[in-house]
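All chains should be built: construct the whole structure from the sequences, respecting the hints.
Line by line, the protein sequences are chains A and B. First residue of the first sequence? That's 1 in our numbering, and the numbers climb one at a time after it. First residue of the second sequence? That's 1 in our numbering, and the numbers climb one at a time after it.
Hints may contain errors.
Which copy is meant is left open, because identical chains are indistinguishable; a pair holds if it fits in one copy or across any two.
Unchecked claim - In silico DSBU-like links for lysine-lysine, alpha-carbon gap of 30 Å or less:
1) Lys38 with Lys183
2) Lys183 with Lys37
3) Lys179 with Lys38
4) Lys274 with Lys475
5) Lys45 with Lys179
Hint data in this document are derived by calculation from the structure and do not stem from the laboratory.
There are 2 protein chains.
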Amino acid sequence: MSRHAQQLFDRHRETLDQAVEAITSRGFWSPFPENIKKYPEEAVKGASRRFEALLGRPFPLKVPAVAGQVGGEASPYGFELGVTYDQPEQGALIAAMQAAMPAWRDAGAEARVGVCLEILARLNAMSPDIAQAVTHTSGQAPMMAFQAGGPHAQDRGLEAVTYAWQAMSRVPATARWVKPQGKHDPLVLDKRYHIVPRGISLVVACSTFPTWNTYPGLFASLATGNPVILKPHPAAILPVAMTARVAQEVLEEAGFDPCLVSLVPDTAEAPVTKQLALEPAVKLIDFTGSNAFGEWLEQNATQAQVFTEKAGINTVIIDSVEQIKPVAQNLAFSLSLYAGQMCTSPQAIYVPKEGIRTAEGRLSFDEVAGALARAVETFLSDNDRACAVLGAIQSPATAARIDACRGLGEVLLDSEPREHAQYPRARIHTPLLLKVDASRRDAFGEERFGPISFVIATDSTAHSIRLAREVIGEKGAITLGAYTTDDAVAEQFEELAMAVAAPLSLNLDGGVFVNQSAAFSDFHATGGNPAANASLCDQGFVARRFVVVQSRRHGQPD
Amino acid sequence: MSRHAQQLFDRHRETLDQAVEAITSRGFWSPFPENIKKYPEEAVKGASRRFEALLGRPFPLKVPAVAGQVGGEASPYGFELGVTYDQPEQGALIAAMQAAMPAWRDAGAEARVGVCLEILARLNAMSPDIAQAVTHTSGQAPMMAFQAGGPHAQDRGLEAVTYAWQAMSRVPATARWVKPQGKHDPLVLDKRYHIVPRGISLVVACSTFPTWNTYPGLFASLATGNPVILKPHPAAILPVAMTARVAQEVLEEAGFDPCLVSLVPDTAEAPVTKQLALEPAVKLIDFTGSNAFGEWLEQNATQAQVFTEKAGINTVIIDSVEQIKPVAQNLAFSLSLYAGQMCTSPQAIYVPKEGIRTAEGRLSFDEVAGALARAVETFLSDNDRACAVLGAIQSPATAARIDACRGLGEVLLDSEPREHAQYPRARIHTPLLLKVDASRRDAFGEERFGPISFVIATDSTAHSIRLAREVIGEKGAITLGAYTTDDAVAEQFEELAMAVAAPLSLNLDGGVFVNQSAAFSDFHATGGNPAANASLCDQGFVARRFVVVQSRRHGQPD
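Below you can see the structure in the form of structure tokens.
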């Protein structure tokens, strides 16, 4: 293996060992601080200046042959980025990546993992810069863009490398097979086992979490030997391009072809994803985005292993609570965070129409719904705090959806635009909360991406569970929250979670939220319902990214 | 968990631990003796009597609702079996299996693995009986039917259980997540992780290896919590039905619904596989058989994880040898064994037209081809031995293919029918060996299932490698054999193996054959070329058969 890559592996070996322990015991762990104060002052303070220096000019990357330039990102905070990117000539890129693959394969697991860990370490150091790019493409508020776009995304990348390392480590490099033959000499075979990548890996990124949802597929594929094409969403290219640049630098320094990680940007007008997805050399596809396109990939890109993170009807069921106030406050945060644009944001909140039990007495349905609406209202009453939690709406289509959905139920809390102190043209909207009857599956049973949610009046908690089971069974869900003070009902929720393969968050209040998941401990999505066919990250996420090719020949008895 | 299942787990725990060690170190190991003399005399001697007692009558299994009876198997040794089987009513079966699933899931990994290991132990004890059923459906000769249909198939089943156990063991049942909050109390979450099966598993068996190719999927799915529908080939139902009966008995004794393993037999005239494969509740499909049907499944059954073992152009490349005789003898056995009806049997043998180097001097192409033909002829000159190696041709279509292919090249060795001492109507044919030029891709580059192979005259070993790379790249291969006395060429073969993802057997002579693979050590197929999209068995074969569903709730700081 390359001496340089070996040094990288040795440098990060302790982190890797800790990560293996973390995915095994699944307690809290991260090598990447989420507290921005832990980063050097100059890295933090200079980030916006460095970001501005990128604007209005080409962003250079290594490209085998250039077909043209694309660009056109606009910040949801109200300005054009003006960055342009080379679009590679597809045939030349595929050929170059295929040519680069054997050396990357033959370098071995330690070299590849060393390179991946160094890429992650450098990405971590530039988290403030990544945060700028994430903010002004996804619209995430700065602190969320820092955490989710920086250390939390790096955590998920490291988690993928760790699963890959563990899976590859379980295959021995060699074995001696000695089969007794009674009185005769034994049969002896010497065997070698090679980790062989599947082929070119295509990672299709989304506009709302351009790094968090991209790093698992990128690092799982790269660590197992596959060259990776990063195909960013046309509205959020820059964070992915910055990632690609770091990857190319580290690869090149370690003596590998930098095109092993290549960016293929496109535009909404001339998309290239379908063409790439059906390319015979593409053997792995990771996708985050809409159900329609995810299902198209699952059904059409049958030459590839396809890993999809789509959308579903994220669900909260309220049966009973100790006190409504901390529950409403907790849910208010979940509904407000990034204005419901997380794939984990709740949409359907089931409450029995007869109301719920609390330690302070019974609350009617309207009291529960009202408490929720008031909690959101109160939480967002300070405009600066509201802007710092809501962030901006990534896409004009999402903003338009708020108006389109207003008529779907009785308005419990109307959505309103907010003005950002620094960016007056920012697209900021508070949540819309609607009340509907359980019969209105047409309203709450379709995904309404954005700050739109429903409090649904059901006949009972049993009815809520039955409805949730049907709706999630059909449409999927990435999160399931539930509240009860009754242990038997808690077990029914646990059973529901297993039946629909959605992770359960029970009775959350305080500082943990249904829409947040922690790498190394929480599995993000299960892969077992229509919202996603893969989990970030589990063994299945890495095991099919490589095959084992063996050889055997006669050996001499010892 | 069921007390009974726990006892089963404890009983077989030591075997399981040894199996975990075996798949890790990949040396020789098996708990199931392949030597028939290790089995009780009565078990061996009574097998044919017990087999005959099964003929001409219904074979009872537990079925939720019966739609009708099917049957019609005929022994390739020339008689009708006359066994009939209940065909379940499909809707009722799916409903019953879904209803049985939660209890099987909730029993936990130890209970499920305990049941699986007990099923395998009982199957092992009845290996002589299974051998009878395998012989008189697949046509395998008795000793092969015993070994491949009995202990070797059980090895592959145990290997699948072992990978499943290892994958499930890596997910902790619970975890405590404690996130420091500076001066404040830490955030504490208590988490549970559940192994949740994907759904109903469909295992589509083949006619030539009705147990060997069925047990991996059956046991990988069952151990991970999925109910399993066994859909045998209409020509080879009995060995699968016998397996289902044992599984149902063990399940029922352990307190589980026996329909967790259900047989769905059909007929060639009214096949049900497509309908079953598209059933929304079917989430896993294992298939062994033709490329056409395997590809149909991969492209259409997109609601399921599909694992296919199809066919390819198994390849041997001869560059140079120490001595031609042991090489020719080794290949003669590989070509003769089960008359080329193994998915691992060589079809394309590349030899430079300028001939090859040997320690005894140069041999011309015709001398090499002639040595091969003579070795087969000599090996099969004793009729009893020939019948004991060739077995019978499973399908009349395969026998007809011999005649259809005779014109594809120059006949080096013609195929001839043989008469079996005990079964004069047995369908027994010796191998057809043809000589063709490398330009005849139309002849050797299509799968010719059965005792049909080609010695192909190439320009050089480099040309052989290039051709093999193209043909296997396009059509796949499950085995790759190669012969060279040159270390540099050996490394080129190693590189070829990785490039086409086919396992390499180098310079085999003596008692190890390219078409045999050993469980726990050899990966059968890689899943990386068109001949198969899965390997028996690796981590990828089990990892996507279950998902992990977690729950989390607040805990108290310690």
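Verification of the supplied hints:
no., hint, in the structure
1, Lys38 with Lys183, "between (69 Å within a copy, 16 Å between copies)"
2, Lys183 with Lys37, "between (72 Å within a copy, 15 Å between copies)"
3, Lys179 with Lys38, "between (58 Å within a copy, 16 Å between copies)"
4, Lys274 with Lys475, "both (24 Å within a copy, 25 Å between copies)"
5, Lys45 with Lys179, "between (66 Å within a copy, 27 Å between copies)"
The earlier numbered hints are all upheld by this structure, with none contradicted.
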